[in-house]
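Novice: Take a look at the letters that make up each chain.
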Amino acid sequence: GNSVTQMEGPVTLSEEAFLTINCTYTATGYPSLFWYVQYPGEGLQLLLKATKADDKGSNKGFEATYRKETTSFHLEKGSVQVSDSAVYFCALGFRAGTALIFGKGTTLSVSS
Amino acid sequence: NAGVTQTPKFQVLKTGQSMTLQCAQDMNHEYMSWYRQDPGMGLRLIHYSVGAGITDQGEVPNGYNVSRSTTEDFPLRLLSAAPSQTSVYFCASSLGVSDQPQHFGDGTRLSIL
Numbered sequence: 003g004n005s006v007t008q009m010e011g012p013v014t015l016s017e018e019a020f021l022t023i024n025c026t027y028t029a030t031g032y033p034s035l036f037w038y039v040q041y042p043g044e045g046l047q048l049l050l051k052a053t054k055a056d057d058k059g060s061n062k063g064f065e066a067t068y069r070k071e072t073t074s075f076h077l078e079k080g081s082v083q084v085s086d087s088a089v090y091f092c093a094l095g096f097r098a099g100t101a102l103i104f105g106k107g108t109t110l111s112v113s114s
Numbered sequence: 120n121a122g123v124t125q126t127p128k129f130q131v132l133k134t135g136q137s138m139t140l141q142c143a144q145d146m147n148h149e150y151m152s153w154y155r156q157d158p159g160m161g162l163r164l165i166h167y168s169v170g171a172g173i174t175d176q177g178e179v180p181n182g183y184n185v186s187r188s189t190t191e192d193f194p195l196r197l198l199s200a201a202p203s204q205t206s207v208y209f210c211a212s213s214l215g216v217s218d219q220p221q222h223f224g225d226g227t228r229l230s231i232l
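Taken in sequence, the protein lines are chains A and B.
Heads up: the first sequence at position 101 corresponds to 103 in the numbering used here, and the numbers run straight through without jumps.
Heads up: the second sequence at position 17 corresponds to 136 in the numbering used here, and the numbers run straight through without jumps.
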């Protein structure tokens, strides 16, 4: 079946540190891949997306590259800020699918 | 532009009570869905709808009903609340089905005593 696996958190970093949150997927076919972010007390917001192999999604300094050969979509940021503290969800979806399939989420905590 | 609006934001129920969680969107999106979020479980799909008059079950539909009489509204009904339904509920909508970005509401935090 289709599934998404994320690294378990929490991830605790100091401000300006480099961030990587690993995401791998299992899928039959060619899904679109997404990263969503959830700030405390809020709903999920789309952070970035990629629709085909080798695409790079980017937004607000975050990047992720769709790697078909390793079935991965790792989230990276060169210098995190305290305001990046949130829960990050990796997800996949198919054009003819019924819903996004989410990973379990990774909590990021950034301290100054 | 309100986006996806969920009401109420918080609710406490007693076991056996029924209630309706409201969800409305003003983006003319055909696709709407309900998820529940539990610690360590991520988001799990309860029900979804691909248009007015069309609904279907997701991964965890038991104990919940939905209807879609208009494009804008997609209410979720708890028929007889149970403590296992204590969760945070999110409604989402999108233009297409699941390869399009989903727009989420801010959630309803529901406690069943």
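These are calculated hints, taken from the structure and not from any lab test.
Treat the hints loosely; a few may be bogus.
Said to hold, decoys possible - No more than 20 angstroms apart at the CA atoms, straight line, and that leaves these computed lysine to aspartate or glutamate pairs for EDC-like: (1) Lys-54/A to Glu-17/A; (2) Lys-70/A to Asp-57/A; (3) Lys-106/A to Asp-192/B; (4) Lys-106/A to Glu-18/A; (5) Lys-128/B to Glu-44/A; (6) Lys-106/A to Glu-191/B; (7) Lys-106/A to Asp-57/A; (8) Lys-70/A to Asp-86/A; (9) Lys-54/A to Glu-44/A; (10) Lys-62/A to Glu-78/A; (11) Lys-106/A to Glu-149/B; (12) Lys-54/A to Glu-71/A.
Novice: None of the hints should be skipped; say for each whether it holds.
Specialist: To see whether the hints hold, each was checked on the structure:
1. At most 20 angstroms may separate the alpha-carbon atoms for a hinted pair to count; Lys-54/A and Glu-17/A exceed this at roughly 32 angstroms.
2. About 10 angstroms separates the Cα atoms of Lys-70/A and Asp-57/A, which keeps this hinted pair within 20 angstroms; it holds.
3. For the proposed pair Lys-106/A and Asp-192/B, the alpha carbon gap of about 28 angstroms is over 20 angstroms, so the pair is violated.
4. Note on Lys-106/A and Glu-18/A: the hinted pairing is violated, with a Cα-Cα distance of about 26 angstroms set against a maximum of 20 angstroms.
5. The hinted pair formed by Lys-128/B and Glu-44/A meets the criterion: a straight-line CA distance of about 10 angstroms does not exceed 20 angstroms.
6. A threshold of 20 angstroms between alpha carbons decides the hint, and for Lys-106/A with Glu-191/B the separation of about 29 angstroms lies outside it, so the pair is violated.
7. Of the supplied pair hints, the one linking Lys-106/A and Asp-57/A is violated, its CA atoms being roughly 23 angstroms apart against a limit of 20 angstroms.
8. Of the pairs offered as hints, the one joining Lys-70/A and Asp-86/A is violated, with about 27 angstroms between alpha carbons and a cut-off of 20 angstroms exceeded.
9. Between Lys-54/A and Glu-44/A the alpha-carbon distance is near 29 angstroms, which puts this suggested pair outside the 20 angstroms criterion.
10. This hinted pair checks out: Lys-62/A and Glu-78/A have alpha carbons roughly 11 angstroms apart, not beyond 20 angstroms.
11. The hinted pair formed by Lys-106/A and Glu-149/B fails the criterion: a straight-line CA distance of about 26 angstroms is larger than 20 angstroms.
12. Straight-line distance between C-alpha atoms of Lys-54/A and Glu-71/A comes to about 12 angstroms, which keeps the hinted pair within the 20 angstroms bound.
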